[in-house]
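A.B. asks: Okay, here's what each chain looks like letter by letter:
Protein chains: 2
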Amino acid sequence: MVAEQSSRLKRGEVEALVREVLLQRLKGEPGLGRGEAGARGRGEKGGGPNPLVVNVSARHMHVTPADLEVLFGAGAKLTKLKDLYQEGEFASEQLVTLVGPRQRIIPSVRILGPVRNYTQVELSYTDGVYLGVDLPLRISGNHGGTPGITILGPQGAITINKGVIRAERHVHMSEADMAYYGVKDGDQMELKIEGPCGVTFEGVRVRYHPKVVLEVHIDTDEGNACDLESAVRMELVR
Amino acid sequence: MVAEQSSRLKRGEVEALVREVLLQRLKGEPGLGRGEAGARGRGEKGGGPNPLVVNVSARHMHVTPADLEVLFGAGAKLTKLKDLYQEGEFASEQLVTLVGPRQRIIPSVRILGPVRNYTQVELSYTDGVYLGVDLPLRISGNHGGTPGITILGPQGAITINKGVIRAERHVHMSEADMAYYGVKDGDQMELKIEGPCGVTFEGVRVRYHPKVVLEVHIDTDEGNACDLESAVRMELVR
Chain H
196 MVAEQSSRLK RGEVEALVRE VLLQRLKGEP GLGRGEAGAR GRGEKGGGPN
246 PLVVNVSARH MHVTPADLEV LFGAGAKLTK LKDLYQEGEF ASEQLVTLVG
296 PRQRIIPSVR ILGPVRNYTQ VELSYTDGVY LGVDLPLRIS GNHGGTPGIT
346 ILGPQGAITI NKGVIRAERH VHMSEADMAY YGVKDGDQME LKIEGPCGVT
396 FEGVRVRYHP KVVLEVHIDT DEGNACDLES AVRMELVR
Chain X
196 MVAEQSSRLK RGEVEALVRE VLLQRLKGEP GLGRGEAGAR GRGEKGGGPN
246 PLVVNVSARH MHVTPADLEV LFGAGAKLTK LKDLYQEGEF ASEQLVTLVG
296 PRQRIIPSVR ILGPVRNYTQ VELSYTDGVY LGVDLPLRIS GNHGGTPGIT
346 ILGPQGAITI NKGVIRAERH VHMSEADMAY YGVKDGDQME LKIEGPCGVT
396 FEGVRVRYHP KVVLEVHIDT DEGNACDLES AVRMELVR
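In order, the protein sequences belong to chains H and X. With the working numbering as the guide, the letters of the first sequence map in order to residues 196 to 433. With the working numbering as the guide, the letters of the second sequence map in order to residues 196 to 433.
Because the hints were derived from the structure by calculation, they are not lab data. Please note that the accuracy of each hint is not assured.
In this list, chains with the same sequence are indistinguishable; a pair is considered to hold if it fits within one copy or across any two.
Below, a list of computed lysine-lysine pairs in the DSBU-like style, where the Cα atoms sit at most 35 Å apart [stated by the list, open to error]:
{"#": "1", "residue 1": "Lys357", "residue 2": "Lys240"}
{"#": "2", "residue 1": "Lys379", "residue 2": "Lys275"}
{"#": "3", "residue 1": "Lys357", "residue 2": "Lys387"}
{"#": "4", "residue 1": "Lys406", "residue 2": "Lys275"}
{"#": "5", "residue 1": "Lys387", "residue 2": "Lys240"}
{"#": "6", "residue 1": "Lys387", "residue 2": "Lys275"}
{"#": "7", "residue 1": "Lys357", "residue 2": "Lys275"}
{"#": "8", "residue 1": "Lys272", "residue 2": "Lys387"}
{"#": "9", "residue 1": "Lys379", "residue 2": "Lys240"}
{"#": "10", "residue 1": "Lys277", "residue 2": "Lys379"}
{"#": "11", "residue 1": "Lys406", "residue 2": "Lys240"}
Isolated chain H (complex conformation) (with noise of 0.2 Å):
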């Protein structure tokens, strides 16, 4: 028995709505509403060396060569999708699947690159929940006492012991930009969001490297919690 209330979304408005999500997607543009893949953010210039940068990491995952082989072949690469804001970062253009203890999985999870000599699980706590795994907030790298999980690739499946982590929020910071805003690496700073859903997030945990630029990630619980891309105004202050 099937009552309407009102009309169904007619299959023609269902078309044309994949189709202007795909035209979208194969464009690589951001502000096509709340993402669930891929970096989506926001940038908005300030006074420093380097615009204000806040980009969401949905979940994704590294991978070591090794491990890479296993999940997909002896031999295989990590092919490129699309490159990401820090200069040799890419989202490539291969998927995983998570498998968790409750029985539940996440499929089509990407593998960002180059190939990294770890392999680890970013994941929000709203997939942790799902999935039955509970995270520790961790930087990226920082393994010791973290939970494992299996993964499963086209060609093969691993069972990783550690490395599913929550990331720790954080922004990317160069000599430069350290400078500017007067920290250091490991520091902690404040974000303010500005918006209909404003937030100001603590202990965003100041990552230093020489070639990096200014860019700030949270993750997709965080993003979803500020609305990003209503933001009206973004500030980072010590």
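Position chain X relative to chain H; hints supplied.
C.D. replies: Positioned in the frame of chain H, the structure of chain X alone reads:
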């Protein structure tokens, strides 16, 4: 080809985990880790007439008696699973499935009772992205220009043409609570959550009702962004 980089979860471990989860759920205890369904939250004794209670509203639905009968059969009534914090409000045993325009579903969405004079679905932006619904930010019951959705129950389905929202973060207050904080119905306040994922939420809307007690409602994106369960201090300020 399966490479075992570390031991898989043993069947016994999985069973123990499932038992623990089910037991905790049956007991209705919070503090089990980040939940995805049902209210979980934190309370803190303050100086006011009521303790400051912050609860996470997971995705849920309110329903009219007529829509309830379409979904669950003629004469259907909501049956209580568990009382909520506000007197008279309860999580029902009735679950529905949402079907969004991306041809994806979210199953096991709980109806909160008692029945209302409108049907409304409250989702997080994470849910909205998943389903393909662009959620407007609204206070309960304000449905002008809001999108609809298809809802499946065990006895029938409905397609509502409005009523799907992200609930604006808000705080329920009695006269005594408003007097203590020096605010009035409709004002906006700040909620500071201190802890490892510290966040200050702006624009927490005051909602007065003579019969409520002080309670802040945030959604799962917000609850996970600040990791409410690990909070060490909470404060509501004008």
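A.B. asks: Give a verdict on every hint.
C.D. replies: Do the hints match the structure? See the list:
{"no.": "1", "hint": "Lys357 <-> Lys240", "verdict": "neither (39 Å within a copy, 38 Å between copies)"}
{"no.": "2", "hint": "Lys379 <-> Lys275", "verdict": "within (33 Å within a copy, 54 Å between copies)"}
{"no.": "3", "hint": "Lys357 <-> Lys387", "verdict": "both (33 Å within a copy, 33 Å between copies)"}
{"no.": "4", "hint": "Lys406 <-> Lys275", "verdict": "within (20 Å within a copy, 58 Å between copies)"}
{"no.": "5", "hint": "Lys387 <-> Lys240", "verdict": "both (15 Å within a copy, 28 Å between copies)"}
{"no.": "6", "hint": "Lys387 <-> Lys275", "verdict": "within (33 Å within a copy, 41 Å between copies)"}
{"no.": "7", "hint": "Lys357 <-> Lys275", "verdict": "within (26 Å within a copy, 41 Å between copies)"}
{"no.": "8", "hint": "Lys272 <-> Lys387", "verdict": "neither (39 Å within a copy, 46 Å between copies)"}
{"no.": "9", "hint": "Lys379 <-> Lys240", "verdict": "within (22 Å within a copy, 37 Å between copies)"}
{"no.": "10", "hint": "Lys277 <-> Lys379", "verdict": "within (31 Å within a copy, 50 Å between copies)"}
{"no.": "11", "hint": "Lys406 <-> Lys240", "verdict": "within (20 Å within a copy, 48 Å between copies)"}
The earlier numbered hints that this structure contradicts are 1 and 8.
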